[in-house]
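Protein chains in written order, with my numbering: chain A, 1 to 114; chain B, 115 to 225.
Hints are computed from structural coordinates only; laboratory data are not their basis.
There's no promise every hint is true.
Unchecked claim - Below, a list of computed lysine to aspartate or glutamate pairs in the DMTMM-like style, where the Cα atoms sit at most 20 Å apart:
{"hint": "1", "chain 1": "A", "residue 1": "Lys102", "chain 2": "B", "residue 2": "Glu129"}
{"hint": "2", "chain 1": "B", "residue 1": "Lys156", "chain 2": "A", "residue 2": "Asp86"}
{"hint": "3", "chain 1": "A", "residue 1": "Lys102", "chain 2": "B", "residue 2": "Glu117"}
{"hint": "4", "chain 1": "B", "residue 1": "Lys156", "chain 2": "A", "residue 2": "Glu44"}
{"hint": "5", "chain 1": "B", "residue 1": "Lys159", "chain 2": "A", "residue 2": "Asp1"}
{"hint": "6", "chain 1": "A", "residue 1": "Lys102", "chain 2": "A", "residue 2": "Asp10"}
{"hint": "7", "chain 1": "B", "residue 1": "Lys159", "chain 2": "A", "residue 2": "Glu44"}
{"hint": "8", "chain 1": "B", "residue 1": "Lys156", "chain 2": "A", "residue 2": "Asp10"}
{"hint": "9", "chain 1": "A", "residue 1": "Lys102", "chain 2": "B", "residue 2": "Asp191"}
Treat the numbers as computed from the prediction; the structure is a model and nothing was measured.
Below, each chain spelled out in residue letters.
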Amino acid sequence: DARVTQTPRDKVTEMGQEVTMRCQPILGHNTVFWYRQTMMQGLELLAYFRNRAPLDDSGMPKDRFSAEMPDATLATLKIQPSEPRDSAVYFCASGASGAGGKKFFGPGTRLTVL
Amino acid sequence: RKEVEQDPGPFNVPEGATVAFNCTYSNSASQSFFWYRQDCRKEPKLLMSVYSSGNEDGRFTAQLNRASQYISLLIRDSKLSDSATYLCVPPASGSARQLTFGSGTQLTVLP
Numbered sequence: 001d002a003r004v005t006q007t008p009r010d011k012v013t014e015m016g017q018e019v020t021m022r023c024q025p026i027l028g029h030n031t032v033f034w035y036r037q038t039m040m041q042g043l044e045l046l047a048y049f050r051n052r053a054p055l056d057d058s059g060m061p062k063d064r065f066s067a068e069m070p071d072a073t074l075a076t077l078k079i080q081p082s083e084p085r086d087s088a089v090y091f092c093a094s095g096a097s098g099a100g101g102k103k104f105f106g107p108g109t110r111l112t113v114l
Numbered sequence: 115r116k117e118v119e120q121d122p123g124p125f126n127v128p129e130g131a132t133v134a135f136n137c138t139y140s141n142s143a144s145q146s147f148f149w150y151r152q153d154c155r156k157e158p159k160l161l162m163s164v165y166s167s168g169n170e171d172g173r174f175t176a177q178l179n180r181a182s183q184y185i186s187l188l189i190r191d192s193k194l195s196d197s198a199t200y201l202c203v204p205p206a207s208g209s210a211r212q213l214t215f216g217s218g219t220q221l222t223v224l225p
């Protein structure tokens, strides 16, 4: 049963520290999404890749966030420096371009910035 | 007007009841839309994908009302296991590429 995997599952860090979250999309999926979920804002799109190329990162604070796909099996989301307001659950999702808008989500990384 | 709007609920219904949620959206020429369910502290999971004006899958019926710009999800004979948050991804056009989720409607089915 193919799944999106994310690491770490939980991360507690102090303000100012760098945080790196990793995602392994489902093999064969060529679209990757990063979403952030909070109680107040719901699911917000941060970045979107197709064939490893960033297509939309307009939802991401550029000064501290960066998203990359070093290869087809790994997507990373980095926050540097982290702030308490970054505390949220970060979900990675992947999809196949021929499957319309279907997305398969990973279990998420629960980030707490103290 | 927000791109996507959902009634957050909560909807508390007894087992066996029929419940419906709506999700309104901005203009779109597309007809495809999706409903996801999200259990507490879990990731969203695809519930229904619809590539026309509607679809029925067992107890679940999803419909698109293009004139009034909303999609709906109807659950018949609700079960305790249906308790979750339901997120919509309405029709989208252009560069939006169906990236935007509704904020979710919370459903609790009571015994």
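Original post:
Hint numbers the structure violates, sorted upward?
Top reply: Per hint list: 1, 6, 9 violated.
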